[in-house]
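Keeping their order, the protein sequence lines are chains A and B. Mind the numbering: the first sequence is residues 7 to 580 in this note's numbering, read in order. Mind the numbering: the second sequence is residues 7 to 580 in this note's numbering, read in order.
Misleading hints may appear alongside valid ones.
Note that identical chains are pooled: a pair holds if it fits in a single copy or bridges any two copies.
List time: in silico SDA-like cross-link candidates among lysine to any residue, alpha-carbon distance up to 25 Å [to be verified]:
| id | residue 1 | residue 2 |
| --- | --- | --- |
| 1 | Lys546 | Asp502 |
| 2 | Lys382 | Ala399 |
| 3 | Lys559 | Ala511 |
| 4 | Lys382 | Ser354 |
| 5 | Lys559 | Ala69 |
| 6 | Lys546 | Asp517 |
| 7 | Lys559 | Arg64 |
| 8 | Lys559 | Gly101 |
| 9 | Lys546 | Arg64 |
| 10 | Lys546 | His314 |
| 11 | Lys559 | Pro103 |
| 12 | Lys559 | Asp192 |
| 13 | Lys484 | Gln370 |
| 14 | Lys546 | Asp23 |
| 15 | Lys546 | Gly434 |
| 16 | Lys546 | Gly128 |
| 17 | Lys559 | Ala66 |
| 18 | Lys559 | Leu102 |
| 19 | Lys484 | Glu298 |
| 20 | Lys484 | Asp502 |
| 21 | Lys559 | Pro296 |
| 22 | Lys484 | Gly373 |
| 23 | Lys559 | Arg294 |
| 24 | Lys546 | Phe130 |
Hints listed in this document are in silico derivations from the structure and should not be mistaken for laboratory results.
There are 2 protein chains.
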Amino acid sequence: MTALRFALAQVNMTVGDFAGNSETVIRRTAEAAAAGAQVVTFPEMMLTGYPVEDLVLRPAFRAASQAALTGLAEQLAAAGLGHVAVIVGYVDDDGLPRDASAFLLDGRVVARQFKHHLPNYGVFDERRYFAPGTTLNVVRHLGVDIALTVCEDAWQEGGPFTVAGAADVGVVVNINGSPYERNKDDVRLRLLQRRAAEARAPIVYVNTVGGQDELVFDGDSMVIAADGTTVMRAPQFVEDVFLVDVPVTDAPDSPAEVTDEVLTVTRVATGASPAPRRDPEPAVVTDRVPDEEEVWGALVVGLGDYVHKNGFRSVVLGMSGGIDSAVVAAIAADAIGGENVYGVSMPSAYSSEHSRSDASDLAQRLGAHYREVPIKAIVDAFMDPLQLTGLAAENVQARIRGTTLMSLSNAEGHLVLATGNKSELAVGYSTIYGDAVGGFAPIKDVPKTFVWALAEWRNSQAEKRGETLPIPPNSITKPPSAELSPGQLDSDSLPDYAVLDAILARYVDGDRGVDEIVAEGFEADLVQRVARMVDAAEWKRRQYPPGSKISFKAFGRDRRLPITNRWREAPRPA
Amino acid sequence: MTALRFALAQVNMTVGDFAGNSETVIRRTAEAAAAGAQVVTFPEMMLTGYPVEDLVLRPAFRAASQAALTGLAEQLAAAGLGHVAVIVGYVDDDGLPRDASAFLLDGRVVARQFKHHLPNYGVFDERRYFAPGTTLNVVRHLGVDIALTVCEDAWQEGGPFTVAGAADVGVVVNINGSPYERNKDDVRLRLLQRRAAEARAPIVYVNTVGGQDELVFDGDSMVIAADGTTVMRAPQFVEDVFLVDVPVTDAPDSPAEVTDEVLTVTRVATGASPAPRRDPEPAVVTDRVPDEEEVWGALVVGLGDYVHKNGFRSVVLGMSGGIDSAVVAAIAADAIGGENVYGVSMPSAYSSEHSRSDASDLAQRLGAHYREVPIKAIVDAFMDPLQLTGLAAENVQARIRGTTLMSLSNAEGHLVLATGNKSELAVGYSTIYGDAVGGFAPIKDVPKTFVWALAEWRNSQAEKRGETLPIPPNSITKPPSAELSPGQLDSDSLPDYAVLDAILARYVDGDRGVDEIVAEGFEADLVQRVARMVDAAEWKRRQYPPGSKISFKAFGRDRRLPITNRWREAPRPA
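Here chain A stands alone, though its shape is the one from the complex (with noise of 0.2 Å):
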């Protein structure tokens, strides 16, 4: 038994910046080679970043991400990094499109790696753009025969890590680009337990940080012993290179002949000398963290993420004293700075005092900027011509708030953030192109309980560290209203949020029936009016804007609808 020191670069990369992308392999490759790295690896997709969607379907794109990984080996052996093995993921095209993982070393691509399961659920759509792998390519280097595999081949039972274990490899190196997901079971960590039994060898597995629209990539990187040991676990939503020894068995004189029907063992060998033996010094291995905490991480991550890599430097967002608004502009503040978040008070007739006055609380704490614009003025100018009542008055005072917010972003450019939660979107309990307006919504995908949750943890946590609360407590405490009429609260057309909540994650989330749902105990009458409110709501959704995905089944790609659509599930008749 020896051991190979890997460094798992857990990088941020972007869809499309070649260039940039490049250069942060390379970085993080010196970075590594300083600490004694003898194989770094990098997230799948890494050169093109993940995911790049149709723009597979392009040739022109797919061209440079060959000539990119070319481009690379040359780049890293001209910076004195050609010893270093360097697993990088990028798209091939042989002929086919592929989602591929590439083994480098001494400016070469010694081995190409097709990613043999291709995800096809979810917000996955990879039989769309690339055609499975069916090759386990296996390369010895340093003594050590190290396999190549690539995202949701870890996540399939049988396929590459069966073959692998047939192979006899000492070691497995998994590349992903695994969106963050809610999750207490720690499903990652058991999938690659079972995995290195499969194998019998350890398993690398890195994974990017960072976000990409909807999606929110955790790191989470690590590796897994053959006997379920976590030798090394990476924190998520960091970004930097993890170093680690990991045991292997050297490589056998004669490994194995495999015969599998679907894969052949394609072996090559970089010609290295084995690496001395070297006894392993201990590497990180990071708790888990609380739900909340995990939550605001991505949540700060994916909205950072989408500012940054939009070209934007600041959010402009309506300040309503709710607890909505508050909870957003809290995590704009944690991803972007206070100084760069611009809050907008927008009273109407039907604003409560403390409508304003938690608003102008909550900015202060942030440290963020603060106007009010008070619109009686313009909804008279509406209400002249148009004699609005009812649902019509109610919403055109949300809607002079989004053209508003609008405004102010054209003028000072500013991305505009939307503020509904996911119980709203799901029921339909907004205004499109009033409150929905944005190019981005942190929190559609957290339903409102967790919204309170999210804020009191956000909150203690503050209170730990002696710092002032991010959110207004009275914003936490008082009853939600959309203020749009006299006296209206939340209550008056919604079931309590906690029993919607119970309801939603059964029906969105979970896709069960109605009738499912009453069996547990709901009540018939409200789960189907909960049904009816969703379904007729989906016209709305697909006007929504993209937001961080943190949940099982997020509304969006996730979660594909029709909006012409009579299906109404009733509960079946007593």
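With chain A's structure known, arrange chain B on it following the hints.
Okay, now just chain B, sitting in the frame of chain A:
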């Protein structure tokens, strides 16, 4: 050689409306039976509607589809129609979800065929939903071997049609949900001719007609003989039952044993005696119509079905006096009647006199409702607190108009139509939450140059029929302008539309690289500028309303690009 009388039920169905769709099958079967039909074929997913997207993931929905099928077989028998063979599409679930076709007779399900080729490109995500079938079901009925296939099975080389040929079948039935796409090459006919040759048998191809969100189905059902002759061809966009006597070879006494690695031939016999010989009566063979007529038909059906299937009775739109709103209004008048169209002129300080007169002329020509809501006072109410200039001042006018239309929708119940065309949407020449508001965008997939062509074609049709021209000639001839600042013309910001559309056809619809487009003779700086405008407008397109797809590649599910995207093609230096 005998002839079986088929009825091709080119009908419209609604997603999720199991009761209504079953009722359509029974009514149309009765009609066909009265005309002597022996086999009645309905489209793919007749019972569920198509496409149902993630509804397939719900166990309750799949169970409802299976129950609807067995219920339908019983209802047909109860209605005295049990003796007529009915072939109908639905969703099956034999442990895995299936895109299926059933052969019904005498109150029973005689055979269930699962779609073999599952498209996962363009607008299709069928690998997300279905498992592929691995059998080819051949039903011996009335002395003829009838092979069952579903849609995409006819679009791929090899597979079911080749196997059907080897199995000596008498006829192949192919049921479809095949969306309309502009296509001057008559691809469907050529494909079916190839499949008929492979199958060595005639093909009965039946397609649905109607709109479902962004897709429009054009019918174009047909019967192609083994030698490629068109035996029957139905008109596009017409809902009806088309009868055709299909000459078929008798079933052989001992059919060939077929060994195929992928598909197993499964044979079943209904026990019905061979049909008496009959001389085929000639059937309708519809000629192809000009491009403009075909597209106009698609747009009328797409909008009409969106309105009706979503429970609306009327539409409202801004009438600017320009060509886009004129064409949208004329489509709406053709789809739901001019009396259900509500036009609103919303002049600002920069509106020309002709913007009003052309708008009111349009409404009069269509018999549409018309009102004026001047927005100057509302603009002033925004200007006062916000002091807007430049782009912000332009956009606020468009957003006031959007809010006005939404207010009228809220107050009066109309569906709001967005009037943007594909060229504008491509380059981002529209105001999000302004002219982009709406529940549906009828011409979002129509390039500006083709908007003019459609207007001229529609007026010429009216002229031929001696009717009032629906579109004011002045709206066709005047130079396009957004009228958001003094004297503004589209040509101030955009290239000539003929050039722009030619570049967009290559960059957007064709996924061609900047270099390739330049090589065709387009000016390099211009191509690059257009490509950048297209890339930068992705975030706006995400929030744009749905509208009918008529092109090879429509914005929406057909073209899935990241918003966060630094991939910028530059022409190769000369």
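For each hint, the structure was consulted:
| no. | hint | result |
| --- | --- | --- |
| 1 | Lys546 <-> Asp502 | within (22 Å within a copy, 35 Å between copies) |
| 2 | Lys382 <-> Ala399 | both (12 Å within a copy, 20 Å between copies) |
| 3 | Lys559 <-> Ala511 | within (9 Å within a copy, 35 Å between copies) |
| 4 | Lys382 <-> Ser354 | both (5 Å within a copy, 21 Å between copies) |
| 5 | Lys559 <-> Ala69 | between (34 Å within a copy, 22 Å between copies) |
| 6 | Lys546 <-> Asp517 | within (20 Å within a copy, 30 Å between copies) |
| 7 | Lys559 <-> Arg64 | between (29 Å within a copy, 13 Å between copies) |
| 8 | Lys559 <-> Gly101 | between (34 Å within a copy, 23 Å between copies) |
| 9 | Lys546 <-> Arg64 | between (31 Å within a copy, 22 Å between copies) |
| 10 | Lys546 <-> His314 | between (27 Å within a copy, 18 Å between copies) |
| 11 | Lys559 <-> Pro103 | between (28 Å within a copy, 20 Å between copies) |
| 12 | Lys559 <-> Asp192 | within (17 Å within a copy, 41 Å between copies) |
| 13 | Lys484 <-> Gln370 | within (19 Å within a copy, 54 Å between copies) |
| 14 | Lys546 <-> Asp23 | between (33 Å within a copy, 22 Å between copies) |
| 15 | Lys546 <-> Gly434 | both (7 Å within a copy, 21 Å between copies) |
| 16 | Lys546 <-> Gly128 | both (21 Å within a copy, 24 Å between copies) |
| 17 | Lys559 <-> Ala66 | between (33 Å within a copy, 18 Å between copies) |
| 18 | Lys559 <-> Leu102 | between (31 Å within a copy, 21 Å between copies) |
| 19 | Lys484 <-> Glu298 | within (21 Å within a copy, 59 Å between copies) |
| 20 | Lys484 <-> Asp502 | within (14 Å within a copy, 56 Å between copies) |
| 21 | Lys559 <-> Pro296 | within (20 Å within a copy, 45 Å between copies) |
| 22 | Lys484 <-> Gly373 | within (23 Å within a copy, 52 Å between copies) |
| 23 | Lys559 <-> Arg294 | within (22 Å within a copy, 45 Å between copies) |
| 24 | Lys546 <-> Phe130 | both (23 Å within a copy, 22 Å between copies) |
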